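**Student:** Please construct the entire structure, taking both the sequences and the accompanying hints into account.
So the protein lines, in turn, are chains A and B. If you read the first sequence in this note's numbering, its first letter stands for residue 1, the second for the next number, and so on. If you read the second sequence in this note's numbering, its first letter stands for residue 123, the second for the next number, and so on.
No lab work stands behind these hints, which were simulated from the structure alone. It is possible that part of the hints are untrue.
What the hints assert, rightly or not - Partner residues aside, some chain B positions facing chain A, computed with beta carbon under 7 angstroms:
(1) 145
(2) 165
(3) 170
(4) 176
(5) 177
(6) 180
(7) 182
(8) 197
(9) 203
(10) 208
(11) 209
(12) 210
(13) 212
(14) 214
Said to hold, decoys possible - Listed next, the in silico DSSO-like pairs over lysine-lysine satisfying Cα-Cα at most 30 angstroms (straight line):
(15) A:2 - B:211
(16) B:215 - B:226
(17) A:113 - B:211
(18) A:40 - B:215
(19) B:226 - B:211
Said to hold, decoys possible - Covered stretches of chain B, as calculated for chain A (at least 3 residues, CB under 8 angstroms):
(20) 124 to 136
(21) 147 to 157
(22) 184 to 194
All values reported here derive from a predicted model rather than from experimental measurement. Glycine is no exception: its CB is placed at the ideal position from the N, C-alpha and C atoms.
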Amino acid sequence: MKTIRYHIGALLLLATLGILLFHPLQILIYPDLPLLGLLKRGMGIILLSAFFCLYRVLRGPNAADRIVGMDMLGILIIGICALLSISTKRNWYMDIGIAWALQSFISTLAFTKFLEGKDFDE
Amino acid sequence: MNNIIGIIFISIGLAFDLIGCLGLIRFPDVYNRLQASTKCVTFGTCNILFGAFLLLGFNTAGVKCLLALVFLLFTSPTSSHALARAAHKAGEKLGEGSICDEYKDANSRESNANVR
Numbered sequence: 001m002k003t004i005r006y007h008i009g010a011l012l013l014l015a016t017l018g019i020l021l022f023h024p025l026q027i028l029i030y031p032d033l034p035l036l037g038l039l040k041r042g043m044g045i046i047l048l049s050a051f052f053c054l055y056r057v058l059r060g061p062n063a064a065d066r067i068v069g070m071d072m073l074g075i076l077i078i079g080i081c082a083l084l085s086i087s088t089k090r091n092w093y094m095d096i097g098i099a100w101a102l103q104s105f106i107s108t109l110a111f112t113k114f115l116e117g118k119d120f121d122e
Numbered sequence: 123m124n125n126i127i128g129i130i131f132i133s134i135g136l137a138f139d140l141i142g143c144l145g146l147i148r149f150p151d152v153y154n155r156l157q158a159s160t161k162c163v164t165f166g167t168c169n170i171l172f173g174a175f176l177l178l179g180f181n182t183a184g185v186k187c188l189l190a191l192v193f194l195l196f197t198s199p200t201s202s203h204a205l206a207r208a209a210h211k212a213g214e215k216l217g218e219g220s221i222c223d224e225y226k227d228a229n230s231r232e233s234n235a236n237v238r
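**Tutor:** Right, here's the structure in full:
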């Protein structure tokens, strides 16, 4: 039973990777950009990682697992903001990335305070 | 030349991101998940930001990428350290295969020294 489960998981993972590698996402990008394929597939890989994090957020057995998933999701979003800033040649995407990093750090610290059982004013 | 080096950095970063989030699914324990995912995802995202800086050059966007890289390098280990400490204080159990709990031992030794 366990080997069947492992094989099904491996097949699903390979199918998702194959879809991402051979049919990249259709995003509005400049059509004459030289790095188009790399950027599209990179965004696909980061979105796949974000789905893994969302799985951990949904199915984590305790509160700490969910907080770990949210923290990793916040770090991944900074990466996708950098890729979007390359592909669309607009520099305010990195403003979103910096602000998201600050917000993710502060929210994780607040969640840890909540997890320890303290109040928010120490 | 800068483009090629930037592409290599971005590819390394994407691989580390994917492997770190795979560890977030596959490991059995909160501390193992933190240990797998925090380091891999931070390193991968820093590689992506540095590659983006190499591709963009000294623009506004490139300097913002460097700023986000430095900020991420400082804040991500801090938050993960605080999270592990809070999880241990909240009573999260270790996984099945783990052998010893050194933080608990050190805390009990310290409290014994305080009693004496």
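**Student:** For each hint, tell me whether it holds in the structure or not.
**Tutor:** Now for the hints, and whether the structure bears them out:
1. 145: violated, 9 angstroms
2. 165: violated, 10 angstroms
3. 170: Residue 170 of chain B check passes; min Cβ-Cβ to chain A is 4 angstroms, inside 7 angstroms.
4. 176: violated, 10 angstroms
5. 177: holds, 6 angstroms
6. 180: The hint is violated - residue 180 of chain B has no Cβ within 7 angstroms of chain A, the shortest such distance being about 12 angstroms.
7. 182: Cβ of residue 182 of chain B sits 5 angstroms from chain A, so the hint holds.
8. 197: holds, 4 angstroms
9. 203: violated, 10 angstroms
10. 208: holds, 4 angstroms
11. 209: Holds - the Cβ of residue 209 of chain B comes within 7 angstroms of chain A, reaching about 4 angstroms at its closest.
12. 210: Violated, because the Cβ-Cβ distance from residue 210 of chain B to chain A comes to roughly 9 angstroms (cut-off 7 angstroms).
13. 212: The hint holds - residue 212 of chain B has a Cβ within 7 angstroms of chain A, the shortest such distance being about 5 angstroms.
14. 214: holds, 5 angstroms
15. A:2 - B:211: violated, 34 angstroms
16. B:215 - B:226: With Cα atoms ~12 angstroms apart, residue 215 of chain B and residue 226 of chain B stay inside 30 angstroms; holds.
17. A:113 - B:211: holds, 11 angstroms
18. A:40 - B:215: violated, 41 angstroms
19. B:226 - B:211: Roughly 10 angstroms separates the two Cα atoms, so the pair holds.
20. 124 to 136: With 6 residues closer than 8 angstroms to chain A, the segment 124 to 136 of chain B meets the three-residue bar; holds.
21. 147 to 157: Our answer is that it holds, as 4 residues pass the Cβ test (under 8 angstroms) against chain A, meeting three.
22. 184 to 194: Result for this restraint: holds, n = 6.
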